[in-house]
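Engineer: What follows is the residue order along each chain.
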Amino acid sequence: MTDMNLDEFRTEVRGWLAENCPEEMRTPVEGDQDVCWGGRNFEFQSEAQKVWLERMAAKGWTVPTWPTEYGGAGLSRAEEKVLLSEMRKINARSPLTSFGIWMLGPALLKFGNDEQKAEHLPKIARGEIRWCQGYSEPNAGSDLASLATKAEDKGDHWIVNGQKVWTSYADKADWIFCLVRTDNTKGKHYGISFVLFDMETPGVEARPIKLISGRSPFCETFFEDVKVPKENLVGEENKGWTIAKYLLTHEREGIGAAAPMRPIHEVAAMSLGLDESDRLADPMLRTKIAEAEIDDWAFGLTMARKLAESKAGQSMGADSSMLKYYGTELNKRKFELMMDAAGHDGLEWESERSRDGKLARSWLRTKANSIEGGTSEIQLNIISKHILELPGA
Amino acid sequence: MALVLNEDEVMLRDTAEGFFAEKAPVKALRTLRDTNDETGFDRALWSEMADMGFAGIAIGEDHGGVDMGFQAAGLLAEQMGKNLTASPFLSTAILAATALREAGSDAQKSEWLPKIASGETVMAVALDEGPKHNPAGIETTAEKSGNGFKLNGAKAMVVDGHVADQLIVAAKTDDGLAFFLVDPKAKGVEIERTIMVDAHNAARIDLNDVEVDGDALIGETNAEDALHKMLAAGRGIVAAELLGAGSEAFRSTVEYIKERKQFGVPVGSFQALQHRSSHLYSELEIARSAVLGALTALDAGDENANRYCSMAKAKLGEVAKLAALEGVQMHGGVGMTDEYDIGLFLKRVRVLQELLGDAAYHQNDYAKANKF
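Chains as they are written, first to last, in our numbering: chain Z, 1 to 393; chain F, 394 to 765.
It is worth saying that the hints were derived from the structure and are not from the lab.
Incorrect hints may have been included.
[To be verified] Not close to chain F: a few residues of chain Z, all C-beta gaps over 10 Å, as computed:
1) Thr11
2) Ile209
3) Lys245
4) Ala304
5) Asn369
6) Ala393
[To be verified] Cβ-to-Cβ under 10 Å is the rule here; a few derived chain F residues that face chain Z:
7) Lys622
8) His672
9) Ile679
Note that the structure is a prediction, hence the values are computed from the model and not measured.
Virtual Cβ for every residue (Gly too), placed ideally from N, Cα, C.
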């Protein structure tokens, strides 16, 4: 697309957004309660949130780059960038956030058959079905390929038995994309299959896990004689590891990107005060904050650069591990500094002043960043093996 | 922001990669060092670099340059960093050319810029004075004297100061900091070559009642905007050179740990080294983006460009140092020998990270600019 066409597109987007984005949807997202996850049982926070989703879905802009036949708008990366930048300009919230958009969608587009794409993608795009991810198990965390949830072949269907853990929002999800073992005779990477099923299928039970933050975004999910039709297999039987890995690279790119937050130095300046030469009263903290904010700037550029490079026909590949590793470690570092800056105030857990310990709970939440989606150590292993090609990695 | 190189830039990078690897590899630096070369760089090489358009990379076409901008200049600097190339590129083509381009009168630009672009004139910018980079603390003075000025002060770490055909001296006037063209042979100028740990050029320059004409003043008696632009360009380019040096130190180290065997296996198969290598890979990728972001902002005239160049210098100072330190450690005993190149990278990075402000300087500057 030429620059002139892009300019026209920008004008069109700007006009449409001005007219269609409700005022209430132009305020910052304060927490999970403000996020629209969609799904059968989703309770919209407001009429505005519902209208915003419907209007954006009708345009195909909940999944702008997906093909129009699957509920997208078929935009190029450049057009998508224009759309996102115009949304940012008016502080428009994302109309829909979901694991369907972020993780399953890209995998289905690449590995799904026509029926699966036609069945599932439009419902993801419209926010009708909310998905969860059945990957980790109690004995298969970093060593994901050793997963043991068993799928027994019964002709036209499987009977699934086993347990998943760290299934985010499994208690709220409608469907699950799940890794199951269909063969255990040929080494751990072979024999994994990627299947989809409804969470309302008899025998599925999700139990929330209470975390150190006091919140329960994750569940333990149990399967007891769950019947999964064979047509719900994505890709080939026993060869789901490839799809699982592909999806993980998308997950990692997403985890690496932290939500924008208030600059740490502002919080620190307010909380600790400045000395007579306008320097933060704590000189050691001052340097660490400067260092982290410079890293944050450079990391943001790196995300943009890697995205631009992959657009130009170069695959991001194992670099998604680099982004995941660096982004999550940086995010943890930033929240440690934020807690240092906030001092005693940041420790409050239940007061109204602290909005129910918002900072403390967010700080605790970041500790999972470098564990979920593959630990930092696993990402370092992947870089050693696939990028540096070190022996035995 | 263009964080991905365009076709012209890719072509320039590839050309530069071949050029420096062939004409000015690490071996060439060793020869300069071991023969106690008086110039400290190869004049024939500089002349060839000028023929290639490298000396005029940041000079307008109307003054004989190729005007490709700082992003392009950074690509050259990166290759020079990779090969530890000694040349007056930073002193002359970046610092002096930018000072003249930003502050100079039309006559001064017409006189000097074509001579820089052609490789005819080597220039050195005399800026710092004390043990640390501190442009705000410059004490060299330029007093009005007759139709001209009288300069007094002592400069240190003047890159290429002992071979420059012309000096540009930063000095205080009643109106602020200004730049002056000074003939190195003028009365009252004393130059001492100070060979540095990295075998690259620097000098100490004393200025004792040095008389210069009125037209030696580059532009106005307050050239602080030009000074800041020159510093930004210099920092961005040194950051690019650090990127090249750090990346090459890392590349050669990874290669080494794949070959070196202990306990019957390559040491690179040990996770203790693998994780540190992967971490360093990540840091270098982040650092590369900082350099690209800073130099494209500078070319685009972004209002924050000077800040970004300072931030890039902070980041590269840290990352290239880590690459060099890890490089020596992972090489083990041979990393301490002069025979292996890794030690030369450690030394060059130590100098470059100090030049125009180390990481702590720029972190402090970032904090000041953001009012904390």
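Engineer: With reference to the structure, classify each hint as holding or not holding.
Structural biologist: Do the hints match the structure? See the list:
1. With a cut of 10 Å on Cβ distances, Z/Thr11 stays outside the contact zone with chain F, its closest approach being about 22 Å.
2. With a closest Cβ-Cβ approach of about 29 Å to chain F, Z/Ile209 is found to remain outside the 10 Å limit, as its non-interface label requires.
3. At the 10 Å boundary, the C-beta of Z/Lys245 stays outside the reach of chain F, the nearest C-beta of that chain being 18 Å off.
4. At roughly 6 Å from the closest C-beta of chain F, the C-beta of Z/Ala304 falls inside 10 Å, breaking its exclusion from the interface.
5. Separation of Z/Asn369 from chain F is adequate, the least Cβ-Cβ distance of about 15 Å exceeding the 10 Å criterion.
6. Annotated as non-interface, Z/Ala393 brings its C-beta within 10 Å of a C-beta of chain F; the closest such distance is 6 Å.
7. Restraint check, F/Lys622 versus chain Z: the minimum CB separation of about 20 Å is more than 10 Å; hint violated.
8. Interface hint at F/His672: satisfied, since its Cβ lies 7 Å from the closest Cβ of chain Z, which is below the 10 Å cut-off.
9. For the restraint placing F/Ile679 at the interface with chain Z, the shortest Cβ-Cβ distance is roughly 5 Å, inside the 10 Å limit, so the hint holds.
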